[in-house]
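Engineer: Each chain, written out:
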Amino acid sequence: MSDMTANETLAPPAPGYWATAGRKLVRDRAAMISLAVLVVIALLCAAAPWYARHVSHTNPFQSNLSGTVVRHGRTMEVLGAADNPLHLGIEPIGPSWRLGPYMLGADQQGRDVAARMLYGGRNSLLISFASAAVCLVLAALTGILAGFFGGWVDRGISFLLDALWAFPVFLLAISLSVVLIAHGIDFGLFRLDASSLSLPITIIGVIYVPYVARPVRGLVIGLRQSEYVMAAIGIGAPAWRILWYDILPNVISALVVFAPLIVALDLLTEAALSFLSIGVQPPAASWGTIIHDGESLIYTRPVVAIAPGLAIVITVLALNILGDGLRDALDPRAKLRN
Amino acid sequence: MRWIAALLVAVALCGTAQAATGDDRYGGTLRLITTAGSGSFDPQINYTERYWEIFQAMYDGLVTFAKTGGKQSLTIVPDLATEVPKPTDGGLTYVFHLRRGIKFSNGQDLTVQAVVHSFRRLFKVNNPNAGTWYDVIVGGRTCNAHPEHCTLPGVVADAASNTITIHLRHPDSEFLDQLAVPFGAILPADTPDHDMGTTPVPGTGAYMVKSFNPSGGIVMVRNPYFHQWSRLAQPRGYPDQIDYSFGLSPEAQVTAVENDQYDWMFEDVPADRLNEIATKFTRQVHIHPVNWFYYAPMNVNIPPFNNKDARLAVEYAVNRESMVKLFGGNALAKPDCQILPPEMPGYQAYCPYTKDPGAKWSAPDWTLAHEYMKKSGMIGQHVTVITEVQAPFRQIGIYLQDVLNRLGFVANVKPISSNIEFNYIQNTNNKVQISITDWDQDYPAASDFLDVLFSCHSFRKGSDNSINISGFCDPAIDDEMAKAETLSLLHPKAANAIWAHVDHQITRRAVVVSLFSVAKLDFTSSSLKNFTFSGEYMFLPQLAVVK
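Chain order of the listed sequences is V and A. In this note's numbering, each number is its position in the first sequence, counted from 1, plus 915. In this note's numbering, each number is its position in the second sequence, counted from 1, plus 8.
Treat the hints with care, as some may be off.
For each label pair, taking beta carbons as the anchor points, the in silico distance ranges come out as [said to hold, decoys possible]:
no. : chain 1 : residue 1 : chain 2 : residue 2 : range
1   : V       : G1133     : A       : N134      : 53 to 61 Å
2   : V       : P1083     : A       : S425      : 14 to 22 Å
3   : A       : S426      : V       : R986      : 32 to 40 Å
4   : A       : S426      : V       : G1009     : 23 to 31 Å
5   : A       : A357      : V       : R986      : 33 to 41 Å
6   : A       : I428      : V       : A961      : 37 to 45 Å
7   : A       : Y34       : V       : G1009     : 44 to 52 Å
8   : A       : T206      : V       : A945      : 54 to 62 Å
What the hints contain is simulated information worked out from the structure, not anything from laboratory work. All C-beta atoms, glycine included, are put in the ideal place defined by N, C-alpha and C.
Assemble the whole structure, with the sequences as input and the hints as a guide.
Structural biologist: The following block contains the structure:
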């Protein structure tokens, strides 16, 4: 006979770690707004080919120095002679601020800035997310191995991470880019073309590994001493099983907290490298290359540099706020190194 | 005591009288600005316009280009020599009579020994053109091979008659031009035989360096030992002091000159500021024609441009008018198809790579371009365009990449630092296929473009100093150029006809895409008066009036 009466019901199971975190995150209004902003930016960038074909009616990768455009019923040169007594200077057409061709004006090659902004956003986001993924995977791998196995494995990995960390991050990124951008990477089976986006993804992904791997290693050293891991070792569980089932799930939450911050850092790094002409290569665009294009137009067509700059600011801000929200949701006690 | 007082009064009166009747344009400080220094300040080593513009006011050669404006600025006048000598011995011997009573800025007398030492030093310090210009002097080749033991028997001094005799291996119509540039500066006889780097060497010019800071700038003051012996060769100069500051970007330079914080900027005015200065500061803008062209050398020794049809395809496809837009418009640049710029002796307008071939470029011919491309069999070939990271080179590179892609190549563009690009594209080890660069004259002679840029001896495999960037070499054309050089001494018209023929021949071989020739724009402050532009040295700062 059961002890329970007919009216008694089972208490609902306590929500899991991820569900609790999810609920906390959803309640964080700032984080949700940031997420929405990021989704909107991503969707806009995804629509770049549609925009170029159906709205701007231009090829944003092709120079259009002698092209014309109809505006207010008048045919105008995309790059027209400036109106001054000495006939000096050529000015790209300015923004129309209306949905259509040259909404944000043209750059010095006569290309539609708005269309390039969207294509540039695709590349910037792709590089920053992909390089963050590279970084997190490498950091998780090295941090977990170093923290779990200790001894010479730890010493070896820590030495490599320290060596990498010893370089100023931008100096390292610039040095690697300058060296590799001319000929790409060719290690037999592993080949990266100089104009491939994989090159900046790899470079940016690698340079931030120590920034994540170090905290992960510390976390794993703590987990290694926990009772359930000691018990698993005691009953002879194989190392891969302990790593997969006991260590990795505890590390993932830390990696999730790191992810938006690393994406933001990678976005800024990509923009800096592309601004210096050692990131995304022309005629491809990224927000950094468009700022570079706009640098020489800063006095006449400032929107060319300001628009991608704003896009970077908004995206990085959203990523940072989302990162804060994730940290609060997943581990309010976490202290992350900036 | 009384006579001292009388003397002082006399001096004071004299000074007052001079001030009353003298030229009030003298005095003041001229403020020049540039982005950075340009390496060694040794006049026998530095090969940059940035320093040549001030070297000409500090140093003198035996002869020089007239320090004045207009066409006269391209004529050679006697400087430390009393007259420009006529070559004798069939063009093999030059005798210079040295002026007396001239002192260096350190107080030393100018002597024939200093002249001999200066010629030897050209070889001992590895002057950039010791092997191409000055080795024509008897003994020059030996000096190039063994600079440390250079005696240069071809330069003979006679202290008694105060003459210098220079013997050449063969007649050279440009020898005097080569003596007239700052490399030909005569330095004190005890000047060390090594690169003086940032230590200024005393000169005989109107100005001397008071202080030199490689990262801050140069302060030049009047040379206390200078007296004007020839207004055309070395004018006394109006400003008492010339400050040449380093450290502002071109954009910031424009703003500083607009605000009268500086009087002149070295760098070209950025394209986005042209309209502004032409609108608001019209009277401070000075535009002058110069012998300067922008071009894209195609490497004729490696694919795809070892194929002439591929080169012709590019020639016909490039829209020169578009390139002009990237430089700032028709007021500053003109589309070009040939090597020699319009102001150069031997220039005869010629453009085969246009819709209506003739004297001028009119429009690209894409039909012919595609035909040549198809014929070349190079469709799908990978091409990398090397260019400088700075405007307008980067923009030109991106445009050229676009043209190459439209032709059917798979093109990349690699913008690299302006500091290294020029040497990088010269070195064959870098396997550069096509690049963007520019060239301006050392002195007004067709050979300075044709011989220097396209002769076999200008091409050196694996060297950073292989100025024949295309790697083009045709001994027959070299022979023709040698003939022109020999003729130009006595028969300049006949020589110019040959130069024109060589120019057209090289153009037809399509080894470079000639893009446009340019004019020089200088932007000065409202307080600067008497801006003088020399066809050789460009801006002459000593003739500017700032008082």
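Engineer: Indicate, hint by hint, whether the structure satisfies it.
Structural biologist: Here is how each hint holds up against the structure:
1. G1133/V with N134/A: 53 to 61 Å: 57 Å, holds
2. P1083/V with S425/A: 14 to 22 Å: 19 Å, holds
3. S426/A with R986/V: 32 to 40 Å: 36 Å, holds
4. S426/A with G1009/V: 23 to 31 Å: 30 Å, holds
5. A357/A with R986/V: 33 to 41 Å: For A357/A and R986/V the Cβ distance comes to about 37 Å; the hint holds.
6. I428/A with A961/V: 37 to 45 Å: 39 Å, holds
7. Y34/A with G1009/V: 44 to 52 Å: For G1009/V against Y34/A, whose Cβ atoms are near 48 Å apart, the range 44 to 52 Å holds.
8. T206/A with A945/V: 54 to 62 Å: 56 Å, holds
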